[in-house]
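Enquirer: Here's the letter readout for the chains.
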Amino acid sequence: MKQTLFRDVAGTVLLALTASICLHAQEFKIGTESIQVHGFGTQGYIKTNDNNWLTMNTSGGGSAAFTDMGLNASSQIRSNLRIAGQVYLRKLGQLGDWRPLLDWAMVDYRPKPWLGFRAGKVKTVLGLFTDSQDMDFSNTYALLPQSVYPIDLRDATIAHIGGDIYGKAKLTHNLGSVAYTAYGGLRWDNMHSGYPFLLQTYGITLASYGGPVYGGDFRWKTPMRGLTVGMSRLNQQITGKGSYDGRIGIPATPHYVEYSKQDWTNQYYGQLVKDKFHAESEYRRYLRNQVVFNGITWVETDVRGWYVGGGYQVNKWFEAGSYYSHYRLFATAGPGVTTAYSDPEEHNFDKVVTAKFLLPKSITLKLEGHFMDGNGSALYPAGFYANVNPNGFADNTNALVARTGFSF
Amino acid sequence: MKKLLCSLLLAASASIFVVQAKAQVIVIANPSVKASDVSKNDLKDVFTGASTSLSGANVVPILLKAGTAHEEFLQAYIGKNDTAYRAGWRSLVFSGQGTMPKTLDGDAAVVEFVAHNSGAIGYIGKATPHEGVKVLTVR
Numbered sequence: 001m002k003q004t005l006f007r008d009v010a011g012t013v014l015l016a017l018t019a020s021i022c023l024h025a026q027e028f029k030i031g032t033e034s035i036q037v038h039g040f041g042t043q044g045y046i047k048t049n050d051n052n053w054l055t056m057n058t059s060g061g062g063s064a065a066f067t068d069m070g071l072n073a074s075s076q077i078r079s080n081l082r083i084a085g086q087v088y089l090r091k092l093g094q095l096g097d098w099r100p101l102l103d104w105a106m107v108d109y110r111p112k113p114w115l116g117f118r119a120g121k122v123k124t125v126l127g128l129f130t131d132s133q134d135m136d137f138s139n140t141y142a143l144l145p146q147s148v149y150p151i152d153l154r155d156a157t158i159a160h161i162g163g164d165i166y167g168k169a170k171l172t173h174n175l176g177s178v179a180y181t182a183y184g185g186l187r188w189d190n191m192h193s194g195y196p197f198l199l200q201t202y203g204i205t206l207a208s209y210g211g212p213v214y215g216g217d218f219r220w221k222t223p224m225r226g227l228t229v230g231m232s233r234l235n236q237q238i239t240g241k242g243s244y245d246g247r248i249g250i251p252a253t254p255h256y257v258e259y260s261k262q263d264w265t266n267q268y269y270g271q272l273v274k275d276k277f278h279a280e281s282e283y284r285r286y287l288r289n290q291v292v293f294n295g296i297t298w299v300e301t302d303v304r305g306w307y308v309g310g311g312y313q314v315n316k317w318f319e320a321g322s323y324y325s326h327y328r329l330f331a332t333a334g335p336g337v338t339t340a341y342s343d344p345e346e347h348n349f350d351k352v353v354t355a356k357f358l359l360p361k362s363i364t365l366k367l368e369g370h371f372m373d374g375n376g377s378a379l380y381p382a383g384f385y386a387n388v389n390p391n392g393f394a395d396n397t398n399a400l401v402a403r404t405g406f407s408f
Numbered sequence: 001m002k003k004l005l006c007s008l009l010l011a012a013s014a015s016i017f018v019v020q021a022k023a024q025v026i027v028i029a030n031p032s033v034k035a036s037d038v039s040k041n042d043l044k045d046v047f048t049g050a051s052t053s054l055s056g057a058n059v060v061p062i063l064l065k066a067g068t069a070h071e072e073f074l075q076a077y078i079g080k081n082d083t084a085y086r087a088g089w090r091s092l093v094f095s096g097q098g099t100m101p102k103t104l105d106g107d108a109a110v111v112e113f114v115a116h117n118s119g120a121i122g123y124i125g126k127a128t129p130h131e132g133v134k135v136l137t138v139r
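One line per chain: the protein sequences are Y and X, in this order. The opening position of the first sequence corresponds to residue 1 in the working numbering, with each subsequent residue numbered one higher. The opening position of the second sequence corresponds to residue 1 in the working numbering, with each subsequent residue numbered one higher.
Think of the hints as simulated: they come from the structure by calculation, not from any bench. Note that the structure is predicted; figures quoted are calculated from it, not measured. Warning: the hint list may mix true and false statements.
Below 16 Å or equal to it, Euclidean Cα-Cα: the simulated EDC-like pairs (lysine to aspartate or glutamate) are [to be verified]:
no. : chain 1 : residue 1 : chain 2 : residue 2
1   : Y       : Lys170    : X       : Glu72
2   : X       : Lys134    : X       : Asp37
3   : X       : Lys80     : X       : Asp37
4   : Y       : Lys276    : Y       : Asp343
5   : X       : Lys44     : X       : Glu72
6   : X       : Lys102    : X       : Asp82
7   : Y       : Lys316    : X       : Asp82
8   : X       : Lys65     : X       : Asp37
9   : Y       : Lys274    : Y       : Glu346
10  : X       : Lys44     : X       : Asp82
11  : Y       : Lys91     : Y       : Asp68
12  : X       : Lys134    : X       : Glu112
13  : X       : Lys65     : Y       : Glu27
14  : X       : Lys44     : Y       : Asp275
15  : Y       : Lys351    : Y       : Asp395
16  : X       : Lys102    : X       : Glu112
17  : Y       : Lys351    : Y       : Asp373
18  : Y       : Lys261    : Y       : Glu300
19  : X       : Lys80     : Y       : Glu319
20  : Y       : Lys276    : X       : Asp82
21  : Y       : Lys361    : X       : Asp82
22  : X       : Lys126    : X       : Asp82
23  : X       : Lys102    : Y       : Glu319
24  : X       : Lys44     : X       : Glu71
25  : X       : Lys102    : Y       : Asp275
26  : X       : Lys40     : X       : Glu72
27  : X       : Lys80     : Y       : Asp395
Using the sequences and the hints, build the whole thing.
Expert: And the structure:
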């Protein structure tokens, strides 16, 4: 087992080293415009003592099916006009499936510091890290707190096709500055994401999942140096279409439909950054009432997640971090849907310690321990799926996460 | 006593060196930039992508690839080493909030670029000739 772990970690570091040495940021011209090309990639390995996690076979010899990468191109056409886009692909156990996706692509026009517009497929601003969650090199943790940033549900909040209005303004009387974003558009999920994967347990195969979204974010950089507080709101009207094979008693149909009766997220956050130290905390409430099985019944999941964490850069090469992540699900449902779950299936309390090593050539290596109480596997995705745990769930899970990454 | 004197002398020499080192880098801007001075915080905001304007007008930061002036600038005004600084910019690039500033090989190239591009703002060694640009006083 130790040999396997050593081999996988050494292999991933080698991969990152090779990629980092071979790949460099590029800048070239098309006509008179300069185009910049940047990229990033990570390779991870997860081993759990029990329960398969994040759709990987983590409880056997561990799994290295944890890879992602992105390639980005951008051009600053004028000081207030920019175009940019990014292709992203990932493999996370049964999710992602190496399919390259247009992650985002947009035009950004900012005539005034306090007024800017983005249009296209735009990254969604939701809390501190939704739009920067893939930037492993800039985060302390190998996995962000899963109660608020579930990596298996990345597709659900990462971007919308539509537009943003945004801006920043300094306040008078040395009261700091404020930044706002308001957005609206459409969200369409990849079918290799967490929610479609969960529905397979119930015999539902989705062909499409998405719909209108709108929301906003407001943050205040306070007069206290390094302290930012803010809040975000996201409203959605989501429709899923596919087929259902009759697996759980409700009659089978080749035209399965589900849709939102209510779907919103509130997120509140604060972050303190002081020199080599940072601390942050966020609370997210995600209420979702979904009419399912062609209107026959409904499922309401009220997810309340929060975390508190921080990190300290000890020296040029090493940063230590830790967080506590608290996930609690309150589920109710209409006729035909079971909501009698055990307590461990309705919560996941995760205590985490991280060691981050900053290697040359912008390579990072992280080793992280997770000590989880509960699996939160009831009714809505929370990292633990019945599909990959056919013998049921253990109450608690310990996990070792190793992740290395590069960027250029 | 001897040791104390030596320590004091060393500390004094070091502080003189630091003051001199900070004075070796100057901030320059295209003449179209309205501001004639800039606060340390505003300068940091512009060069970390937190702000895109000075005195209400858009500005575009220009970076040096490496060298003494670059290191002194980062140390004096940004508070990060080059690796951490560029990682911060890459975060903005990958989240769609910014484009990595143009990075030029030497002081003369920065002067040339800043002089000919409206809104450009950069930094160079104090001894570098800098005709055609304005020098911003850092408050």
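Enquirer: Against each hint, give a clear statement of whether it holds in the structure.
Expert: The hints, checked one at a time:
no. : hint                  : result
1   : Lys170(Y) x Glu72(X)  : 28 Å, violated
2   : Lys134(X) x Asp37(X)  : 10 Å, holds
3   : Lys80(X) x Asp37(X)   : 23 Å, violated
4   : Lys276(Y) x Asp343(Y) : 39 Å, violated
5   : Lys44(X) x Glu72(X)   : 13 Å, holds
6   : Lys102(X) x Asp82(X)  : 15 Å, holds
7   : Lys316(Y) x Asp82(X)  : 11 Å, holds
8   : Lys65(X) x Asp37(X)   : 24 Å, violated
9   : Lys274(Y) x Glu346(Y) : 36 Å, violated
10  : Lys44(X) x Asp82(X)   : 14 Å, holds
11  : Lys91(Y) x Asp68(Y)   : 6 Å, holds
12  : Lys134(X) x Glu112(X) : 12 Å, holds
13  : Lys65(X) x Glu27(Y)   : 14 Å, holds
14  : Lys44(X) x Asp275(Y)  : 14 Å, holds
15  : Lys351(Y) x Asp395(Y) : 15 Å, holds
16  : Lys102(X) x Glu112(X) : 13 Å, holds
17  : Lys351(Y) x Asp373(Y) : 9 Å, holds
18  : Lys261(Y) x Glu300(Y) : 9 Å, holds
19  : Lys80(X) x Glu319(Y)  : 15 Å, holds
20  : Lys276(Y) x Asp82(X)  : 15 Å, holds
21  : Lys361(Y) x Asp82(X)  : 11 Å, holds
22  : Lys126(X) x Asp82(X)  : 20 Å, violated
23  : Lys102(X) x Glu319(Y) : 29 Å, violated
24  : Lys44(X) x Glu71(X)   : 14 Å, holds
25  : Lys102(X) x Asp275(Y) : 26 Å, violated
26  : Lys40(X) x Glu72(X)   : 14 Å, holds
27  : Lys80(X) x Asp395(Y)  : 44 Å, violated
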